[in-house]
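Trainee: Could you put together the complete structure from these sequences and hints?
Respectively, the protein sequence lines represent chains U, E and R.
Just so you know, we're using the working numbering here: the first sequence kicks off at 1 and counts up by one.
Just so you know, we're using the working numbering here: the second sequence kicks off at 1 and counts up by one.
Just so you know, we're using the working numbering here: the third sequence kicks off at 1 and counts up by one.
Worth flagging that the hints you see were computed from the coordinates, not collected in a lab.
Accuracy of the hints is not assured; some may be wrong.
[Claimed, not checked] No more than 16 angstroms apart at the CA atoms, straight line, and that leaves these computed lysine to aspartate or glutamate pairs for EDC-like:
hint, chain 1, residue 1, chain 2, residue 2
1, U, 513, U, 523
2, E, 26, U, 476
3, E, 130, R, 60
4, E, 27, U, 307
5, E, 26, U, 307
6, U, 573, U, 232
7, E, 155, E, 32
8, E, 64, E, 94
9, R, 22, U, 504
10, E, 83, E, 161
None of these values were measured; they are calculated from a predicted model.
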Amino acid sequence: MLSSIGTILVFLILALSLLIIYNAYLDLKIRDQIVKKNIYNLSLFQITFTILSFFTLIIGFINSDFSLINVYENSHTAKPLFYKVAGTWGNHEGSLLLWINILVLFSYLFLVFNFKHEKKYRLYTLIFQNILIVGFVIFLLLNSNPFSLIYPIPLEGLGLNPILQDPALAIHPPLLYVGFVGCSIYFSAAMGSMFSEYKGKQFALSIKSWVQISWCFQTLGITVGSIWAYYELGWGGFWFWDPVENASLLPWFAITALMHSVMVLERRNTLYAWVIILCLLTFILSVTGTFLVRSGILNSVHTFASDPSRGIYILFFLSLMIFTSLISFFKKCKKESYNLNLKSRETFILANNWFMAFFLVTVLVGTLYPIFLDVITDVKISVGPPFYNIVIIPLVIPFLFLMTVGPQFKWINSQNIKYRKTIFIFFGAVIINLFIYYFFGSYSVLTNLIFIAAMFLILHCFLDATQSISKNKKFEYPRIISHLGFGLLVLFIGVNHQYSLEVDFNLKVGENKKVNNYEIYFENTKIEQNKNYQSVIGNFKLIDLKRNRIQYLYPEIRIYSDPETLTYEAAIKSKITSDFYLTMSNVSRSEYYNIKFQTKPFMTWIWVSAFIVALGGFVQLILKKNEN
Amino acid sequence: MKINISKIIIFSFVIFFLSIFWLGLKKDNNYDTKNFIGNKISNFQLSSIYNNDYISEEVLKKNKFTLINFFASWCAPCRTEHKYLINLSNKNKEFKILGISFKDKKKNSINFLNELGNPYNFVAEDADGKASISFGIYGIPESILINNELVIIKKIVGPIDQKYYEEILQLIQ
Amino acid sequence: MKLEKIIIIYFFLFSSLFANEKNIELTEIYKNLRCLICQGQSIADSNSDFASTIKLVVQDQIKEGKTKKEIYDFLISKYGEWIVYQPTFTKNNLLLWVLPYLILAFGGFVIYFLVKKNRHTKGN
Chain U
1 MLSSIGTILV FLILALSLLI IYNAYLDLKI RDQIVKKNIY NLSLFQITFT ILSFFTLIIG
61 FINSDFSLIN VYENSHTAKP LFYKVAGTWG NHEGSLLLWI NILVLFSYLF LVFNFKHEKK
121 YRLYTLIFQN ILIVGFVIFL LLNSNPFSLI YPIPLEGLGL NPILQDPALA IHPPLLYVGF
181 VGCSIYFSAA MGSMFSEYKG KQFALSIKSW VQISWCFQTL GITVGSIWAY YELGWGGFWF
241 WDPVENASLL PWFAITALMH SVMVLERRNT LYAWVIILCL LTFILSVTGT FLVRSGILNS
301 VHTFASDPSR GIYILFFLSL MIFTSLISFF KKCKKESYNL NLKSRETFIL ANNWFMAFFL
361 VTVLVGTLYP IFLDVITDVK ISVGPPFYNI VIIPLVIPFL FLMTVGPQFK WINSQNIKYR
421 KTIFIFFGAV IINLFIYYFF GSYSVLTNLI FIAAMFLILH CFLDATQSIS KNKKFEYPRI
481 ISHLGFGLLV LFIGVNHQYS LEVDFNLKVG ENKKVNNYEI YFENTKIEQN KNYQSVIGNF
541 KLIDLKRNRI QYLYPEIRIY SDPETLTYEA AIKSKITSDF YLTMSNVSRS EYYNIKFQTK
601 PFMTWIWVSA FIVALGGFVQ LILKKNEN
Chain E
1 MKINISKIII FSFVIFFLSI FWLGLKKDNN YDTKNFIGNK ISNFQLSSIY NNDYISEEVL
61 KKNKFTLINF FASWCAPCRT EHKYLINLSN KNKEFKILGI SFKDKKKNSI NFLNELGNPY
121 NFVAEDADGK ASISFGIYGI PESILINNEL VIIKKIVGPI DQKYYEEILQ LIQ
Chain R
1 MKLEKIIIIY FFLFSSLFAN EKNIELTEIY KNLRCLICQG QSIADSNSDF ASTIKLVVQD
61 QIKEGKTKKE IYDFLISKYG EWIVYQPTFT KNNLLLWVLP YLILAFGGFV IYFLVKKNRH
121 TKGN
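Mentor: Structure, rendered in structure tokens:
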């Protein structure tokens with residue numbers, strides 16, 4: 001029954017989308033400034049049915065309704081309730097329904113909240129957004145229907161991958177999709193703007209909050225995903241430059257560039273064509289990312305179960321999107337004249353875009369190159385962390401300097417910029433770096449520069465903060481918070497990387513190992529039976545010889561039965577100053593266990609910094625709301 | 001829309017990108033070293049599982065063809081492929097089979113061969129698995145067919161099945 | 001007697017220093033190698049049998065005094081370029097390494113010309 005309800009709802013969504021497109025097209029011809037009431041009503045029905053369809057699927061998971069093939073493949077009666085619900089979007093079909101929900105939600109909200117803007121523009125945006133919705137709904141119905149039936153109805157489901165049974169992973173997709181899919185609305189708005197010729201400052205104002213929202217959630221989504229990887233995947237890292245991770249990072253670079261360029265469009269009414277390009281590019285990158293992740297074209301630890309037919313459809317859809325937007329751009333966007341001073345904030349924002357483009361191209365080339373090489377020459381190569389680190393890290397240094405210095409310049413023109421305090425802070429940063437160098441251990445020239453640049457940004461943000469608070473310039477708070485967060489993020493990642501300890505050795509029960517100023521005693525193992533898994537728990541005594549402290553760590557090897565999987569749970573002790581990280585795995589046909597022990601300074605602060613970056617964006621949204 | 005050179009270039013790029021994606025979909029992205037043929041195997045010296053003698057690449061130079069087969073008593077697919085090895089043994093006077101017991105106890109390997117039959121002309125052991133890396137092995141069972149110049153002419157990743165069996169027969173004629 | 005004590009102390013100090021250096025180098029190599037039987041994991045992160053064997057081989061080669069490049073070249077000759085995460089600097093990979101910097105240069109030119117255009121009209 002759920003299947004019928006769900007499928008009918010999806011068909012209704014499709015019908016409503018087509019009706020909305022039709023009605024909007026008719027209303028375009030009516031030359032007034034009021035959007036017809038029936039379009040609002042249709043949109044309201046559309047969002048209602050969309051949310052209902054999603055709830056229908058959730059109910060299916062909660063009730064373990066195995067007549068739905070999607071529930072059968074991804075759930076199990078023994079799963080805890082929270083993970084049954086999270087299982088709804090932890091698979092391809094369910095997450096696609098979530099995509100559609102967000103597409104429709106943003107379509108509705110954009111229509112309603114943009115009542116101050118020109119009618120033609122709003123209608124065109126609505127039409128393009130609904131064309132996207134129609135495309136995704138057809139994809140869902142033809143290829144990835146979460147409401148498909150299976151007969152005879154199985155008694156038990158295939159269960160969910162145990163690695164996905166984690167709270168961080170439960171919220172990671174919804175957060176990320178608001179970012180990923182949220183950028184669809186300004187893709188449609190860009191198309192709408194080109195067709196209705198609603199340009200310049202007004203256009204910037206209409207999309208500004210939407211860019212901000214998608215940026216905030218994309219930042220949060222990526223951060224939460226990294227936190228999950230750190231706590232759950234058992235290798236002690238949080239970013240592997242894996243193709244799926246890169247697929248989420250590419251839109252982030254574009255959205256960040258766009259967020260800054262929209263400011264220029266709003267203030268100086270220039271860079272319109274570039275803003276349009278970025279709006280189109282961001283969602284194109286999102287769909288490209290989806291293509292890479294779901295089609296099976298790439299080899300990754302994160303991939304969904306892959307299916308080439310999905311790939312064909314998404315590629316077709318992506319091609320349509322790219323060609324339509326490209327042709328529209330060439331036809332509709334005329335050449336602009338630019339009036340930019342070197343010593344102006346606009347130029348520094350262009351510099352931001354310049355670096356974002358560099359980082360974006362690096363990650364894009366690194367991710368796609370193996371595919372291209374394989375297709376053209378049949379040679380398979382790997383592009384992993386060393387490539388990205390070598391190319392990106394050196395450029396972060398000038399980027400941090402630009403982030404610090406840029407906001408000191410005013411809009412349009414800055415003739416007399418006060419540089420004395422800035423130089424003073426720069427030397428402060430150099431001194432602090434020397435302090436770290438001499439007291440905590442030496443490092444490379446590159447690392448020195450990174451610390452100096454990051455410290456420079458952090459200190460200057462504090463200075464800017466005191467000045468903004470004293471002059472009550474509230475509108476500068478978001479920028480200061482986010483830039484500060486970014487500086488902290490680079491600093492803590494740098495310190496963490498420089499001073500981490502990582503050792504890999506084999507140990508038998510009863511043995512111990514001395515590593516630097518730590519001693520690790522493998523006391524014993526214990527076997528425990530849980531709801532849906534059996535675990536071998538290691539008992540490790542960790543002695544910090546320098547500080548004379550004792551810590552107990554309990555890594556696990558978990559044996560799940562449905563489906564039969566083996567996972568390794570790291571023992572992680574997170575403290576303010578550093579984390580201890582211990583994983584244990586059994587060496588086949590031997591009494592030995594392979595132990596990986598790591599100390600990771602300031603790990604928690606890396607997460608805090610990333611949240612601070614996102615916080616700035618949220619503060620901006622709150623400020624704007626209070627302003628209205 | 002005026003057609004100028006930059007637009008043509010951009011459209012060409014887009015078409016190129018999308019075509020590569022399309023072609024990439026058809027490719028199998030599982031990596032294996034099946035096509036890593038044409039190189040010589042490295043020199044090696046492994047002890048026999050039966051006595052204290054050493055087996056090195058020198059003995060292999062005497063045969064026109066040698067099949068080097070990595071196996072272990074604890075490996076289930078090794079059991080299923082074993083009958084093909086038995087059939088291949090002594091098919092051809094100039095064809096010999098070298099078995100290398102991988103990360104296994106001598107006792108267990110000997111029992112395994114006593115139970116299923118010994119198709120090997122020589123049996124060496126690689127107790128810690130390190131020698132297998134020099135052969136480019138990454139999982140067992142895995143087999144390498146070489147000629148008398150020690151050049152690899154075929155690699156079989158996984159158990160030998162009917163198809164591979166016939167291919168080997170063809171190659172050693 | 002005192003000199004011997006000093007030498008012994010220095011020896012212990014330096015050996016632990018070197019042990020740490022060696023350990024850092026090992027970890028770096030493990031991280032740059034791909035576990036061939038895993039789905040997207042490095043030798044450092046993987047718990048597989050293959051990973052443990054590779055670790056033994058790398059440890060041996062380090063003890064023999066081989067450099068990182070020699071170890072990578074050895075493994076590439078046996079398993080192909082797929083096994084190392086850092087792409088080699090060969091003709092095949094030229095575009096990979098060069099493209100980002102080309103874009104950087106291109107972007108720089110664009111900004112330069114955008115801003116330069118204005119210099120002439122600044123007096124107005």
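Trainee: Confirm or reject each hint.
Mentor: These are the hints, each one checked on the structure:
| no. | hint | in the structure |
| --- | --- | --- |
| 1 | U:513 x U:523 | 12 angstroms, holds |
| 2 | E:26 x U:476 | 51 angstroms, violated |
| 3 | E:130 x R:60 | 9 angstroms, holds |
| 4 | E:27 x U:307 | 13 angstroms, holds |
| 5 | E:26 x U:307 | 11 angstroms, holds |
| 6 | U:573 x U:232 | 13 angstroms, holds |
| 7 | E:155 x E:32 | 10 angstroms, holds |
| 8 | E:64 x E:94 | 5 angstroms, holds |
| 9 | R:22 x U:504 | 12 angstroms, holds |
| 10 | E:83 x E:161 | 10 angstroms, holds |
Going down the numbered hints, you'll see the structure goes against just number 2.
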